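2 protein chains.
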Amino acid sequence: MKKVDVLIIGSSAAGFAAAITARRHYPGATLALIRQEEKTPVPCGIPYIFGTLGSPEKNLMPDPALAKNHVDLIVDRVTEIDRKAKTVTTAGRQTIGYEKLVLTTGSLPLIPPIPGVKLENVFPITKDVAHLTRLLEVLKGSRDVVIIGGGFIGLEMADECRKLGHLNVSVVEMLPHCLFAVFDEELCVRVEEELSKVGVQVMASRKAKALLGNGKVEYVELDDGNKLKADVVVLGIGVRPNAELAEKAGLKISHTGGIVVDRHMMTSDPNIFVAGDCAEKVSFFTGQSTRTWLASVATAEARIAGANLFEIRRANKGAVSVFSTKIGDLACGLAGIGEKGAQEAGIAYIVGEAESVDKHPGSLPGAKLTRMKLIFRKYSETLIGGQICGGNSVGEKVNLIAAMIQAEMNADQIATFQMGTHPLLTASPVAYQVVNAAEMALQKMHRN
Amino acid sequence: MKKVDVLIIGSSAAGFAAAITARRHYPGATLALIRQEEKTPVPCGIPYIFGTLGSPEKNLMPDPALAKNHVDLIVDRVTEIDRKAKTVTTAGRQTIGYEKLVLTTGSLPLIPPIPGVKLENVFPITKDVAHLTRLLEVLKGSRDVVIIGGGFIGLEMADECRKLGHLNVSVVEMLPHCLFAVFDEELCVRVEEELSKVGVQVMASRKAKALLGNGKVEYVELDDGNKLKADVVVLGIGVRPNAELAEKAGLKISHTGGIVVDRHMMTSDPNIFVAGDCAEKVSFFTGQSTRTWLASVATAEARIAGANLFEIRRANKGAVSVFSTKIGDLACGLAGIGEKGAQEAGIAYIVGEAESVDKHPGSLPGAKLTRMKLIFRKYSETLIGGQICGGNSVGEKVNLIAAMIQAEMNADQIATFQMGTHPLLTASPVAYQVVNAAEMALQKMHRN
Numbered sequence: 001m002k003k004v005d006v007l008i009i010g011s012s013a014a015g016f017a018a019a020i021t022a023r024r025h026y027p028g029a030t031l032a033l034i035r036q037e038e039k040t041p042v043p044c045g046i047p048y049i050f051g052t053l054g055s056p057e058k059n060l061m062p063d064p065a066l067a068k069n070h071v072d073l074i075v076d077r078v079t080e081i082d083r084k085a086k087t088v089t090t091a092g093r094q095t096i097g098y099e100k101l102v103l104t105t106g107s108l109p110l111i112p113p114i115p116g117v118k119l120e121n122v123f124p125i126t127k128d129v130a131h132l133t134r135l136l137e138v139l140k141g142s143r144d145v146v147i148i149g150g151g152f153i154g155l156e157m158a159d160e161c162r163k164l165g166h167l168n169v170s171v172v173e174m175l176p177h178c179l180f181a182v183f184d185e186e187l188c189v190r191v192e193e194e195l196s197k198v199g200v201q202v203m204a205s206r207k208a209k210a211l212l213g214n215g216k217v218e219y220v221e222l223d224d225g226n227k228l229k230a231d232v233v234v235l236g237i238g239v240r241p242n243a244e245l246a247e248k249a250g251l252k253i254s255h256t257g258g259i260v261v262d263r264h265m266m267t268s269d270p271n272i273f274v275a276g277d278c279a280e281k282v283s284f285f286t287g288q289s290t291r292t293w294l295a296s297v298a299t300a301e302a303r304i305a306g307a308n309l310f311e312i313r314r315a316n317k318g319a320v321s322v323f324s325t326k327i328g329d330l331a332c333g334l335a336g337i338g339e340k341g342a343q344e345a346g347i348a349y350i351v352g353e354a355e356s357v358d359k360h361p362g363s364l365p366g367a368k369l370t371r372m373k374l375i376f377r378k379y380s381e382t383l384i385g386g387q388i389c390g391g392n393s394v395g396e397k398v399n400l401i402a403a404m405i406q407a408e409m410n411a412d413q414i415a416t417f418q419m420g421t422h423p424l425l426t427a428s429p430v431a432y433q434v435v436n437a438a439e440m441a442l443q444k445m446h447r448n
Numbered sequence: 001m002k003k004v005d006v007l008i009i010g011s012s013a014a015g016f017a018a019a020i021t022a023r024r025h026y027p028g029a030t031l032a033l034i035r036q037e038e039k040t041p042v043p044c045g046i047p048y049i050f051g052t053l054g055s056p057e058k059n060l061m062p063d064p065a066l067a068k069n070h071v072d073l074i075v076d077r078v079t080e081i082d083r084k085a086k087t088v089t090t091a092g093r094q095t096i097g098y099e100k101l102v103l104t105t106g107s108l109p110l111i112p113p114i115p116g117v118k119l120e121n122v123f124p125i126t127k128d129v130a131h132l133t134r135l136l137e138v139l140k141g142s143r144d145v146v147i148i149g150g151g152f153i154g155l156e157m158a159d160e161c162r163k164l165g166h167l168n169v170s171v172v173e174m175l176p177h178c179l180f181a182v183f184d185e186e187l188c189v190r191v192e193e194e195l196s197k198v199g200v201q202v203m204a205s206r207k208a209k210a211l212l213g214n215g216k217v218e219y220v221e222l223d224d225g226n227k228l229k230a231d232v233v234v235l236g237i238g239v240r241p242n243a244e245l246a247e248k249a250g251l252k253i254s255h256t257g258g259i260v261v262d263r264h265m266m267t268s269d270p271n272i273f274v275a276g277d278c279a280e281k282v283s284f285f286t287g288q289s290t291r292t293w294l295a296s297v298a299t300a301e302a303r304i305a306g307a308n309l310f311e312i313r314r315a316n317k318g319a320v321s322v323f324s325t326k327i328g329d330l331a332c333g334l335a336g337i338g339e340k341g342a343q344e345a346g347i348a349y350i351v352g353e354a355e356s357v358d359k360h361p362g363s364l365p366g367a368k369l370t371r372m373k374l375i376f377r378k379y380s381e382t383l384i385g386g387q388i389c390g391g392n393s394v395g396e397k398v399n400l401i402a403a404m405i406q407a408e409m410n411a412d413q414i415a416t417f418q419m420g421t422h423p424l425l426t427a428s429p430v431a432y433q434v435v436n437a438a439e440m441a442l443q444k445m446h447r448n
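Chains X and G are the protein sequences, given in the same order. Under this note's numbering, read the first sequence as residues 1 to 448, first letter to last. Under this note's numbering, read the second sequence as residues 1 to 448, first letter to last.
Read the hints as simulated data drawn from the structure, not as lab findings. Treat the hints with care, as some may be off.
A pair counts as met if it fits within one copy or between any two copies, since identical chains are not told apart.
Unchecked claim - Simulated crosslink set (DSS-like; lysine-lysine; CA at most 30 angstroms straight-line):
{"hint": "1", "residue 1": "Lys368", "residue 2": "Lys127"}
{"hint": "2", "residue 1": "Lys378", "residue 2": "Lys68"}
{"hint": "3", "residue 1": "Lys86", "residue 2": "Lys229"}
{"hint": "4", "residue 1": "Lys340", "residue 2": "Lys3"}
{"hint": "5", "residue 1": "Lys127", "residue 2": "Lys216"}
{"hint": "6", "residue 1": "Lys58", "residue 2": "Lys3"}
{"hint": "7", "residue 1": "Lys216", "residue 2": "Lys227"}
{"hint": "8", "residue 1": "Lys368", "residue 2": "Lys163"}
{"hint": "9", "residue 1": "Lys39", "residue 2": "Lys368"}
{"hint": "10", "residue 1": "Lys317", "residue 2": "Lys229"}
{"hint": "11", "residue 1": "Lys368", "residue 2": "Lys197"}
{"hint": "12", "residue 1": "Lys378", "residue 2": "Lys317"}
{"hint": "13", "residue 1": "Lys127", "residue 2": "Lys248"}
{"hint": "14", "residue 1": "Lys68", "residue 2": "Lys444"}
{"hint": "15", "residue 1": "Lys84", "residue 2": "Lys2"}
{"hint": "16", "residue 1": "Lys58", "residue 2": "Lys216"}
{"hint": "17", "residue 1": "Lys229", "residue 2": "Lys39"}
{"hint": "18", "residue 1": "Lys248", "residue 2": "Lys140"}
{"hint": "19", "residue 1": "Lys368", "residue 2": "Lys68"}
{"hint": "20", "residue 1": "Lys140", "residue 2": "Lys209"}
{"hint": "21", "residue 1": "Lys118", "residue 2": "Lys229"}
{"hint": "22", "residue 1": "Lys3", "residue 2": "Lys118"}
{"hint": "23", "residue 1": "Lys127", "residue 2": "Lys58"}
These numbers come from a predicted model, not from an experiment.
Turn these sequences into a full structure, and let the hints steer you where they fit.
Okay, here's the thing in structure tokens:
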């Protein structure tokens, strides 16, 4: 029987980060990673296969990084965990012993419970190269594509489909706006303006009632009675934790479907750690369960799990939620919570806003207007959220905000923040957005 | 006699930020800003006049922001401050009374004490529209330009001169490398490679001994005996605080030439505040005097000075130093101190390094390799410095590092940082540079 010190199940972002972290922290340990697929797509890169990369083969997790870190790669499917014997068994009839086990089994796409979802050319987004290759082929031969779900993955798929050039692209979203589960309304509206500019039709406040067709899908029937022509339907309505193996092994599962972990990413079995979408998450802000399935949270958890395997070295302060995306020419992002999130949690808050171009002077070619909104706790004045839209620098600006949130910086500290600025790379120091937004919030805090 | 609650002298980044901050913090106060120039250039934008913007008129401080904030703009030169009477007098024979005075008189270019600096077509970089217009005209009609000084302004001028297309551009630097006063050697070498790629000739470890010519400059004579042909010479060897007015008024001046201030940006006269290049600076890291003349430090100081005029509201923790620039296609930056700075201050430190592309997967078009080096205090493990080079996102990445430094985050907090990532905007979450560099430093810290 093969036996390793550390066995990692799963090969997406969390699996890789857990393996590399375990190697760094426990240089002498034997490590193996087992996954069911021959090749694993880069999860966040999946939409970009369709309009930009041109092939799922150009969007694969870099397996050489495993070999470089002396992590054995085993391609097989684990069917059972025997916690007493500390072994797993596989579909390929292997038994592998472990000292410590890390589950990074990820998530599965939600399938809406409506008639017709089994019709041909209806595609959920799965992390499966063959499935994604088929979707790409079908998209190439189609004219009308309907995407159900206006979240990040739905909109990124929509934007990439329109880049193919020959498709009519519609997005059906049941909430009043796309991305409304994450962003505040004004930012959702900006994104919808951009979608409209690039030719994507958004149908918000509407539900898909049924998928119609004879063998192949032909129409999406909406709850307002309209029928949308559809050669292909993409389902992007969200995911659920894939905790099946853990549940079968008797590990505690939360009401949200995630595997219960402590702050050290340890499960109810001290020899089993978990990271990523399959792990239960608590909010950095409220300490309550939260549904934040993001590669960045997954890798942060994996870096905690991987470091804690043989000695507890790190603790998880909870999921912050940091997103960014780009639709058309508009990059946008959020760190922490929005106004809606603050209201739902009952947090007293103050908003500060600022906008300026992302180069200086604004007459420089390519300068883009950047808008920023920051949200502070009203009484401690610590930063709890930020939303931005603008040019490509939004991708790292949202991380600047994320750092300020995680360091619990307050409005005065941010208003006197010393940043670097450069004409070609940032706003001017006088107009730097995060500083001015904090200053505007301070004016409201101390108005009297 | 005109009298205002707050009078600000100077109209560059610090003057603007002080005026706007004073307006926000003291809504009822009467504010005026006095400057000697009709128009003020955006300081950091000056090099970009020559190759990119095409005219100094496209690089002006946005005066409408003053009117919008109800700040009276007076164009005149202050010749004297009467601290007892609380008035200033001007070259235009005005007397203006103040309750609080803010000096943002900036800096003056250093002129090297060598023969020939008064020859025609030898240009220091001054914040003067007419002077910059003449330099632009002369550059257009020249063939050989020699830039003395390979610091930020010298290299940015060199890169812009070569964008004009018809110039042979050389940079003379007395240190072993360009930017060597700020960056560690390996980053200087990267920048020099880029300069060579775009056709700028760097002559390091050499001093200009004399400028030769008959009326107009014709040659730069180096200390190695070489003579460089020069139709025009640009002097970019640094600046000194412009503290003349303050000195005449009897305010305390430091040995570095800056006006002495306390942590509240108050001078030895409680009715006079100072911000920007004319103010004495202490290091965030050592508490010692430091020569950090940057618009970003200047505006942070101005936001402190402006808020403290009638009540002390904010304190200055010292200058962090955050720079970024772009030479050719390479953006690079530094926050805090480099290895050299740590060694000079005698700080025990640990370095962590990481590199990865700034999109993911790396097969995405336009992905650029980004290298990052972080420096931590060896014992407290807090971050004190970071250096990066790569694509345009370096501009905000250096600010992410700056925030982590100012929040005194330690290596473990950074290694478990939750960031947002997106294929088109950032590195992958597995390869995110700041997190991996911190993890590499941790491995060294806890090797045994």
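Against the structure, the hints:
1. Lys368 <-> Lys127: between (35 angstroms within a copy, 26 angstroms between copies)
2. Lys378 <-> Lys68: between (49 angstroms within a copy, 28 angstroms between copies)
3. Lys86 <-> Lys229: So Lys86 and Lys229 fail the 30 angstroms test inside a copy (53 angstroms) and across (77 angstroms) alike.
4. Lys340 <-> Lys3: So Lys340 and Lys3 fail the 30 angstroms test inside a copy (49 angstroms) and across (48 angstroms) alike.
5. Lys127 <-> Lys216: within (23 angstroms within a copy, 69 angstroms between copies)
6. Lys58 <-> Lys3: Cα proximity of Lys58 and Lys3: none, with 33 angstroms in one copy and 69 angstroms across.
7. Lys216 <-> Lys227: Within one copy only: 15 angstroms inside, 79 angstroms across.
8. Lys368 <-> Lys163: both (22 angstroms within a copy, 23 angstroms between copies)
9. Lys39 <-> Lys368: between (39 angstroms within a copy, 25 angstroms between copies)
10. Lys317 <-> Lys229: So Lys317 and Lys229 fail the 30 angstroms test inside a copy (47 angstroms) and across (62 angstroms) alike.
11. Lys368 <-> Lys197: both (16 angstroms within a copy, 29 angstroms between copies)
12. Lys378 <-> Lys317: both (21 angstroms within a copy, 24 angstroms between copies)
13. Lys127 <-> Lys248: Within one copy, since 23 angstroms is at most 30 angstroms while 72 angstroms is not.
14. Lys68 <-> Lys444: Answer is between: at 19 angstroms across copies they meet the 30 angstroms cutoff, but 53 angstroms inside does not.
15. Lys84 <-> Lys2: This pair counts as within: shortest intra-copy Cα distance 17 angstroms, inter-copy 88 angstroms.
16. Lys58 <-> Lys216: Within one copy only: 29 angstroms inside a chain, 59 angstroms across chains, cut-off 30 angstroms.
17. Lys229 <-> Lys39: neither (34 angstroms within a copy, 60 angstroms between copies)
18. Lys248 <-> Lys140: So Lys248 and Lys140 fail the 30 angstroms test inside a copy (41 angstroms) and across (77 angstroms) alike.
19. Lys368 <-> Lys68: Answer is between: at 22 angstroms across copies they meet the 30 angstroms cutoff, but 41 angstroms inside does not.
20. Lys140 <-> Lys209: within (26 angstroms within a copy, 68 angstroms between copies)
21. Lys118 <-> Lys229: Classified as within: same-chain Cα gap 17 angstroms, cross-chain 77 angstroms, threshold 30 angstroms.
22. Lys3 <-> Lys118: neither (41 angstroms within a copy, 80 angstroms between copies)
23. Lys127 <-> Lys58: within (14 angstroms within a copy, 50 angstroms between copies)
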